[in-house]
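> In the numbering used here, the protein residues as written are 416 to 799.
Hints were generated in silico from the structure; no laboratory data involved. Accuracy of the hints is not assured; some may be wrong.
Dumping the calculated DSBU-like pairs for lysine-lysine here, alpha-carbon to alpha-carbon at most 35 Å [said to hold, decoys possible]:
#1 458 / 765
#2 602 / 458
#3 774 / 602
#4 458 / 574
#5 458 / 772
#6 772 / 574
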Amino acid sequence: MGQVSPHLAKTLKDKPRWMSWTAISLLVYLLLVAVGVISNGFKLATAEHALVLFEFASNPLIALIIGIVATASIQSSSTVTSVIVGLVAGGMPLGIAIPMIMGANIGTSLTSTLVSLGHIQNGAEFKRAFSAATVHDCFNFLAVLVILPIELLFQPLEKLAGYFATFFRSGSATDISSFNLLDASTKPLVNGIEWVFAILPDMWDGVLMIIFGIFLILLVIRNIGKLLKRLMVGRSLEIIQNTIGRDPISGIFAGSVVTVMVQSSSTTTALIVPMAGSGVFSIQQVYPFTLGGNLGTTVTAAIASMTFTGPMAVLSFQIALVHFFFNLFGILLIYCIPLLRNIPVYMSEKMAAMSQKNKFFVMGYILGVFFITPLLLIWLARMF
416 MGQVSPHLAK TLKDKPRWMS WTAISLLVYL LLVAVGVISN GFKLATAEHA LVLFEFASNP
476 LIALIIGIVA TASIQSSSTV TSVIVGLVAG GMPLGIAIPM IMGANIGTSL TSTLVSLGHI
536 QNGAEFKRAF SAATVHDCFN FLAVLVILPI ELLFQPLEKL AGYFATFFRS GSATDISSFN
596 LLDASTKPLV NGIEWVFAIL PDMWDGVLMI IFGIFLILLV IRNIGKLLKR LMVGRSLEII
656 QNTIGRDPIS GIFAGSVVTV MVQSSSTTTA LIVPMAGSGV FSIQQVYPFT LGGNLGTTVT
716 AAIASMTFTG PMAVLSFQIA LVHFFFNLFG ILLIYCIPLL RNIPVYMSEK MAAMSQKNKF
776 FVMGYILGVF FITPLLLIWL ARMF
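Kindly produce the complete structure, drawing on both the sequences and the hints.
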């Protein structure tokens, strides 16, 4: 699949470059539609059960696990963090909400892993794509491993966020108009696809939407990879490398800006993974870009917190700031320390090598890490 047929190569060569760029733009749009279809499918199939999980948050560890499962099930960290902000405004203790926010960071990285499946028929491309996707997972797991124990012992995130929340919020509501152009452009087609599947029985409509979304991703990635290989040369490659892959700071900045614009870190990582699979970016360049996505996605929770009034206004803004400081300190404590910086890269490359050799590892990783193991731990906690 990774080799361009002679006929296709001749066809691409004969076409003007603007036609190829137009085709890539259309394919990127369809990729975003596919991510939206999968997200809506997960919501239809699992959202009701996922939100019930919040009732079981009895201690920080279970809260962390619930954050992972709920976000992986709903496929939207923005939705989950906004729900958590609302729960805090309704009286949920910060000691429970903060680990949930950390779990949401982990759960949202499932999207990029699903996108990497588009390269699964080409061993070398899949290895690059899967490594680029899972470096996000590995970093978020490591950030929790480092920061959660410190937070449980000394509450630095809670205290720092509390100080800034009190300073910036007076308790009055702020009306922030948030129009998401990307969401508005993909929603009509996503809703149209959802309408087609709505004739099916409950839950099955969501399951088949997930399957259809994955199929669409496979189709899009197959074609977008071929076009990128042809176009990402010379000046085009130089421009995009200077924008995103020039150095870690520009990568983090670019990831933050893109995520703030589209209001979805899942979308940001979904866009970068195909480029990594096609060889446009190395994992060392993708890594800081995804960290920027972590920072950018915190804006959504901050906006959601602005709608609350009264005594809980400051508290809801505080948990939104916790999300920001958690991601910021994750970068400072892990990426900025050489000893820790390369651990996520090493882990993701090892998993990518295993996935290249045995494709069943991919399914085991997705189901085991994001669903089976967390749900089993919740069940054991409920039993004992």
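> Compare the structure with each hint and give your call.
Structure-based check of each hint:
1. Annotation: proposed proximity of residue 458 to residue 765 holds, straight-line Cα distance about 32 Å (limit 35 Å).
2. Between residue 602 and residue 458 the alpha-carbon distance is near 15 Å, which keeps this suggested pair within the 35 Å criterion.
3. A threshold of 35 Å between alpha carbons decides the hint, and for residue 774 with residue 602 the separation of about 33 Å falls inside it, so the pair holds.
4. For the suggested pair residue 458 and residue 574, the alpha carbons sit about 34 Å apart, so the restraint of at most 35 Å is met.
5. Restraint check for residue 458 and residue 772: the C-alpha separation of about 32 Å stays at or below 35 Å, so the hint holds.
6. Distance restraint check for residue 772 and residue 574: the Cα-Cα separation of roughly 47 Å exceeds the 35 Å cut-off, and the hinted pair is therefore not satisfied.
The structure fails hint 6 only (numbered hints given earlier).
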